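Novice: Listed below, chain by chain, are the residues.
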Amino acid sequence: MIGVTNFNIVTSFLARFQRKRESEIMHMVDALISPVVGGTLWCVSGGLIAFCARKVKHTLRDNLVPMMGVLGAFIFAAQMINFAIPGTGSSGHLGGGLILAILLGPYAAFLVISSVLTMQAFFFMDGGLLALGCNIFNLGFFPAFIAYPLIYRVIARDQHGTSRALVAALVAAVAGLLLGALSVVLETRFSGISELPFNTFVLMMVPIHLAIGVVEGLATAAVIAFVARARPEALQTTPSAATSASRRPVMIGLAIAAVVMGSVMSWFASTHPDGLEWSIAKVAGKDEVSGAMGSVHRNLAELQKKTAFLPGYGFKAATSESAPVDHTSTPEPEPWPAVKAGTSVAGIAGGCMTLLLVCLAGFALRASSTQRAQTHI
Amino acid sequence: MKLVDWIEIGRMDELGRMDTPVHRLDARAKIVVTVAFIVLVMSFSRYALSALTPFLLYPVALIAMGHIPARHILTKILVAAPFALVIGIFNPFMDRHPVAIMGPFVVTGGWLSFASIMLRFVLTVGAALALVACTGMYRLGAGLEQLGVPRMFVTQLLFLYRYLFVVANEGLTMLRGVELRSNGIRSLRFRVYGSLIGHLLLRSMDRSERVYRAMVARGFDGEIHVLRRASFCWSDWAFVCGCLAFFVAARTWNLAHGLGLLLTGSVR
Amino acid sequence: MSHHIVEVRDLFFAYPDGTEALKGISFRIEHGVAVALVGANGAGKSTLLLHLNGYLPTTRGEVRIGDSALTRETAPMVRRAVGMVFQDPDDQLFMPTVAEDVAFGPLNAGLPADQVEDRVAMALERVGMTHVRERPPYRLSAGEKRAVAIATVLAMTPDILVMDEPSSNLDPRNRRRLIELLRSFAHTRIIATHDLELVVEVCSHVIVMDGGAIVAQGPTRAILDDEELMLAHGLERPHSLRHHHPHPPSA
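One line per chain: the protein sequences are A, Z and C, in this order. Every letter in the first sequence is one number past the one before it in our numbering, and letter 317, counting from 1, is 317. Every letter in the second sequence is one number past the one before it in our numbering, and letter 159, counting from 1, is 159. Every letter in the third sequence is one number past the one before it in our numbering, and letter 84, counting from 1, is 84.
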């Protein structure tokens with residue numbers, strides 16, 4: 001669904017692959033997903049579809065039925081029309097998730113995106129059926145329930161067609177895509193079929209999806225600006241009831257984001273316990289962590305191990321399995337930027353988690369208080 | 001615009017509307033069997049290769065009995081293959097356990113798992129394509145609904161399908177109009193793009209309003225009512241039970257290996 | 001069939017952006033009469049039609065169908081009596097097969113399955129499209145689509161048929177078939193059209209609109225023969241009235 005621009009990227013494989021056909025990298029193929037992961041994500045996506053279907057049914061706008069169908073066809077068609085990206089000699093196109101959310105609101109947009117992906121899965125075999133649940137989640141949930149309500153809406157604040165909206169679209173699109181890309185990586189890792197090392201995978205995915213996000217944001221902003229000029233009343237169709245009603249999925253989204261970030265961060269920290277040790281050693285002037293600090297660290301490491309890893313699945317390090325295990329040699333330096341500063345990683349991780357949890361708490365409190373307020377009226 | 005893709009959908013639609021014994025099977029039966037197929041194929045261990053080969057029988061049989069041209073399916077598989085290739089190609093580099101020696105070649109675990117990925121890909125995509133080609137979008141939608149998929153979503157799928165060609169046609173016409181005045185430039189400039197897609201969007205919204213008007217004029221009250229519901233008959237049961245039994249057998253025992261033993265045993 | 005009279009009194013309508021589309025429309029159509037609604041583009045014909053089944057709410061003035069005034073509450077009932085066929089068949093044929101499209105209306109009316117089947121068969125038979133009942137609508141030719149669109153409305157057994165540009169995009173043979181079909185109906189027919197030759201053949205009365213108001217209404221020949229009137233309102237005297245051709249024999 002996300003158009004990939006064919007400028008040269010890090011991996012030559014990917015470049016060669018792109019020139020074969022305009023790819024949809026985020027579309028996952030059945031062969032990479034284990035039944036467990038696929039099944040889980042199917043349940044999640046299925047549940048979301050059922051939830052959204054009920055929500056849409058209960059809105060007062062029954063003209064949504066034909067609108068969703070035709071807009072789905074529109075997105076399908078629009079994905080096949082390219083525009084030239086100035087200065088790079090490559091082309092991109094609209095993914096559509098964000099635009100749908102702006103026009104229809106989160107629930108209807110999610111249904112439309114799911115239907116487009118399902119149709120593509122049936123006819124173009126873009127991803128296969130087992131992975132469809134994953135695709136629907138990766139490409140539908142983040143634009144509809146996180147990028148649009150939390151970012152675009154907040155920044156643009158109904159001023160479509162202005163430079164403010166452009167910024168909003170860019171940030172929202174990039175965020176949505178990066179989150180989706182992270183999902184893809186995690187799902188592939190937890191399936192354990194591909195031997196692609198985690199770092200390489202992430203390194204491949206992040207810059208690509210950053211670029212795609214920019215393209216998506218620009219395209220979205222351009223089209224919305226056009227509609228804002230030509231027919232502004234079309235953009236007022238998103239019911240304001242969506243603000244209060246959409247809090248629950250927003251909270252779910254935040255919770256998921258928190259879990260995701262938490263596990264990624266703790267993976268970070270736990271594969272680099274020496275980072276923590278190193279900084280402690282610097283401070284204490286010792287090479288070993290001992291005493292109370294040592295036991296605390298050990299317990300923390302244990303806890304992190306338990307929360308970060310699913311039993312039976314592991315993140316493969318960049319070294320080959322068959323290489324003799326050499327405890328004395330220094331571990332291969334992982335190509336990850338900010339890793340050396342161990343305490344700062346832990347600090348960043350803790351800080352982000354706290355922020356997310358605070359936001360979550362804020363939403364929860366607001367939701368429960370508005371509910372109380374409503375029952376009083 | 002990729003006209004070839006639209007022709008693809010049109011072709012698949014034509015195939016789906018044919019009338020063969022396979023097409024007449026209840027869509028629910030085919031859906032359930034396909035899901036079971038995919039799950040079982042994916043449940044094999046990383047290095048399974050020969051054990052997977054008997055599963056090829058299912059998509060091949062379906063395609064053959066459904067009079068689907070094999071070439072059509074094969075090209076679609078080929079077109080979708082690069083992605084699996086890209087992800088799987090790392091395996092031979094990461095996993096260097098030697099597993100077998102064939103003459104002068106040492107087969108490592110990595111190559112085995114790579115081959116397994118590719119075979120699994122062919123199987124799952126083949127089964128899915130067979131499902132769509134032998135059922136058609138509308139029967140598939142009706143089957144999904146009877147299986148419990150929310151009606152709103154199935155309606156959405158069917159409406160999308162219905163207006164796919166219409167909107168695509170409009171887009172193509174607009175694109176052609178631009179190209180004729182563009183002096184041979186391939187890709188649209190960004191401003192033109194925003195305007196073209198914007199127009200297409202407005203036209204789509206207008207169309208949806210007109211469709212709604214027509215629906216209201218015929219008494220639409222928010223819910224799409226269904227006229228006919230398919231019912232299971234004995235051939236559907238036979239199909240489901242037979243396929244599931246075969247899949248389970250092929251999963252539990254390595255049938256290809258058994259066949260190989262039989263052959264080599266009789267030779268010796 | 002009860003005697004459904006269509007009556008409109010002092011109907012005014014303005015769009016949300018302020019455009020005044022209807023300025024004091026009044027007319028009365030007796031049961032079984034075929035009336036044409038003619039006028040230049042933008043005269044307000046479509047807007048008027050959309051009032052006749054309550055799609056556009058009556059904000060100022062009155063619309064009466066049969067014994068009841070058209071209001072929000074009576075709209076569902078009125079829609080069973082007033083069958084509306086729109087200009088583009090693609091907008092009206094949205095179900096997977098022709099049969100399901102024709103069944104859409106009766107099913108919404110809550111009829112049991114066997115009655116629905118009867119209605120579908122009857123409607124398709126009436127327009128001569130029984131042979132395409134299992135086909136998806138996008139696989140029909142323009143003429144077939146038009147006929148099926150009419151069938152979708154006939155299946156609801158309306159008393160009044162309202163049609164917007166029924167003969168547009170039809171080749172001569174299909175157009176001829178349509179004209180014969182329209183002449184064979186006993187329903188009240190209200191037809192908005194630019195096809196003035198069709199009006200001469202099918203409709204006994206004409207309403208001429210211009211700028212949101214009715215500028216003339218009466219028997220077809222009298223009105224359409226008035227060259228001055230026609231030219232003044234963006235129309236012309238139809239060819240068949242100019243030269244008194246004998247009508248071609250039915251196909």
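None of these hints come from the bench; they were simulated from the model. Because the structure is a prediction, the values reported are computed rather than measured. Watch out, some of these pointers could steer you wrong.
Capping the alpha-carbon separation at 16 Å, the derived lysine to aspartate or glutamate pairs in EDC-like fashion look like this [claimed, not checked]:
no., chain 1, residue 1, chain 2, residue 2
1, A, K57, Z, D221
2, A, K57, Z, E8
3, C, K23, C, E62
4, C, K23, C, D10
From chain Z, some residues computed to sit far from chain C (all C-beta separations above 12 Å) [unchecked claim]:
no., residue
5, T53
6, H97
7, G141
8, F159
9, L164
10, N169
11, G177
12, R207
13, V226
14, F239
15, L244
Idealized CB from N, CA, C, for every residue including glycine.
Novice: Next, verify each hint and record whether it holds.
Specialist: Do the hints match the structure? See the list:
{"no.": "1", "hint": "A:K57 x Z:D221", "verdict": "holds, 11 Å"}
{"no.": "2", "hint": "A:K57 x Z:E8", "verdict": "violated, 33 Å"}
{"no.": "3", "hint": "C:K23 x C:E62", "verdict": "holds, 13 Å"}
{"no.": "4", "hint": "C:K23 x C:D10", "verdict": "holds, 8 Å"}
{"no.": "5", "hint": "T53", "verdict": "holds, 38 Å"}
{"no.": "6", "hint": "H97", "verdict": "holds, 53 Å"}
{"no.": "7", "hint": "G141", "verdict": "violated, 8 Å"}
{"no.": "8", "hint": "F159", "verdict": "violated, 7 Å"}
{"no.": "9", "hint": "L164", "verdict": "violated, 9 Å"}
{"no.": "10", "hint": "N169", "verdict": "violated, 10 Å"}
{"no.": "11", "hint": "G177", "verdict": "holds, 20 Å"}
{"no.": "12", "hint": "R207", "verdict": "violated, 7 Å"}
{"no.": "13", "hint": "V226", "verdict": "violated, 8 Å"}
{"no.": "14", "hint": "F239", "verdict": "holds, 23 Å"}
{"no.": "15", "hint": "L244", "verdict": "holds, 29 Å"}
Going through the hint list in order, the structure does not satisfy hints 2, 7, 8, 9, 10, 12 and 13.
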